[in-house]
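Visitor: The sequence shown: position 176 = 319 (our numbering), numbered continuously.
Here are the computed distance ranges between Cβ atoms for each label pair:
hint, residue 1, residue 2, range
1, Leu369, Arg419, 38 to 46 angstroms
2, Ala400, Trp420, 31 to 39 angstroms
3, Ile201, Arg273, 41 to 49 angstroms
4, Ile191, Val401, 16 to 24 angstroms
5, Gln263, Arg231, 39 to 47 angstroms
6, Lys404, Arg273, 19 to 27 angstroms
7, Leu195, Gln270, 48 to 56 angstroms
The calculated lysine to any residue pairs, modelled on SDA-like cross-linking and capped at a C-alpha distance of 25 angstroms, are:
hint, residue 1, residue 2
8, Lys404, Phe227
9, Lys339, Leu413
10, Lys404, Gly224
11, Lys416, Phe402
12, Lys416, Leu180
13, Lys339, Leu350
14, Lys321, Lys339
15, Lys404, Gly214
16, Lys260, Pro343
17, Lys404, Leu350
These are computed hints drawn from the structure, not numbers from a lab. Please read these numbers as outputs of a predicted model, since none were measured by experiment. Quick reminder that beta carbons are idealized off the backbone N, C-alpha and C, glycines included.
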Amino acid sequence: MSQPTKAWAVPLPADPAVKARKGRTTRKEGYKPGGFLLGALFPAALLIFWQLAGDRGIVSPNLLPTPYDIGLAFRDLIRSGEIFGHLRISLYRVLVGFLIGGTFGLLFGIAVGFFRKVEQTLDPSFQMIRMIPHLAVTPLFILWFGFGELSKILLIAKGAFFPIYVNTFLGIRGADNKLFEVARVLQFNRYQQIVKLILPSALPNILLGVRLSIGVAWLGLVVAELMGSSEGIGYLILDARQFSQTTVVFVGIIIFAVFGKITDSIVRFLERKLLRWRDSFSG
Numbered sequence: 144m145s146q147p148t149k150a151w152a153v154p155l156p157a158d159p160a161v162k163a164r165k166g167r168t169t170r171k172e173g174y175k176p177g178g179f180l181l182g183a184l185f186p187a188a189l190l191i192f193w194q195l196a197g198d199r200g201i202v203s204p205n206l207l208p209t210p211y212d213i214g215l216a217f218r219d220l221i222r223s224g225e226i227f228g229h230l231r232i233s234l235y236r237v238l239v240g241f242l243i244g245g246t247f248g249l250l251f252g253i254a255v256g257f258f259r260k261v262e263q264t265l266d267p268s269f270q271m272i273r274m275i276p277h278l279a280v281t282p283l284f285i286l287w288f289g290f291g292e293l294s295k296i297l298l299i300a301k302g303a304f305f306p307i308y309v310n311t312f313l314g315i316r317g318a319d320n321k322l323f324e325v326a327r328v329l330q331f332n333r334y335q336q337i338v339k340l341i342l343p344s345a346l347p348n349i350l351l352g353v354r355l356s357i358g359v360a361w362l363g364l365v366v367a368e369l370m371g372s373s374e375g376i377g378y379l380i381l382d383a384r385q386f387s388q389t390t391v392v393f394v395g396i397i398i399f400a401v402f403g404k405i406t407d408s409i410v411r412f413l414e415r416k417l418l419r420w421r422d423s424f425s426g
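Start from the sequences, fold in the hints, and give me the full structure.
Guide: Here is the structure:
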């Protein structure tokens, strides 16, 4: 006599709608022109409202010049070639400062994350230094290193150090203990555990630290160039403020915003490439 089939043992056919939804949630997001247009919608509406308010005299052109006037000032700076020299030196400062601070932040974050004695020795001092504002240490950097490039680059590096350091440390300490059980089963040595398991697990935090570090590097550049400089976008803003050239001030601010967004977008592109193995919620 045949045994009755248990209901829970019978595989149910997959629902095509559920399968389709699952496929959509796990598919990697690529470039979508609609997303760019949606992101440009608010800035475009703001610029139109801003221009109309200026044309109707609602706001003073001396305090808030119209986007058209700012565009004319930007065109004049391009024609004279003045803006390219300032932009070149600013990009050099932020790049070198970020590379120095980010490299040391990554190395110390790895060391503190892996070794508890290193954490107990260095982390309390690092956390105290992290809480010191840029403006508080700027006079010291000028006294120690002068008004040259070294003081500006080191000030930028100081700001870029901590976001990568903190996020690398948190990423390593946040690694799941099950990874080490897998490593024991696979008989990984210490080097294989670090390279193949722990660092890939910490990579999302590290890349987040890189994004934050780039943003702080641009902020450090502004502080460095405003406190004492004869060239750079920050100096351009300061010089324009002294002569009440509000349009040039807005040109400098827009340049900081645009290049800051470009560098952030580069890191986000790397995130999509390096973290394709993650199955995360995409909104």
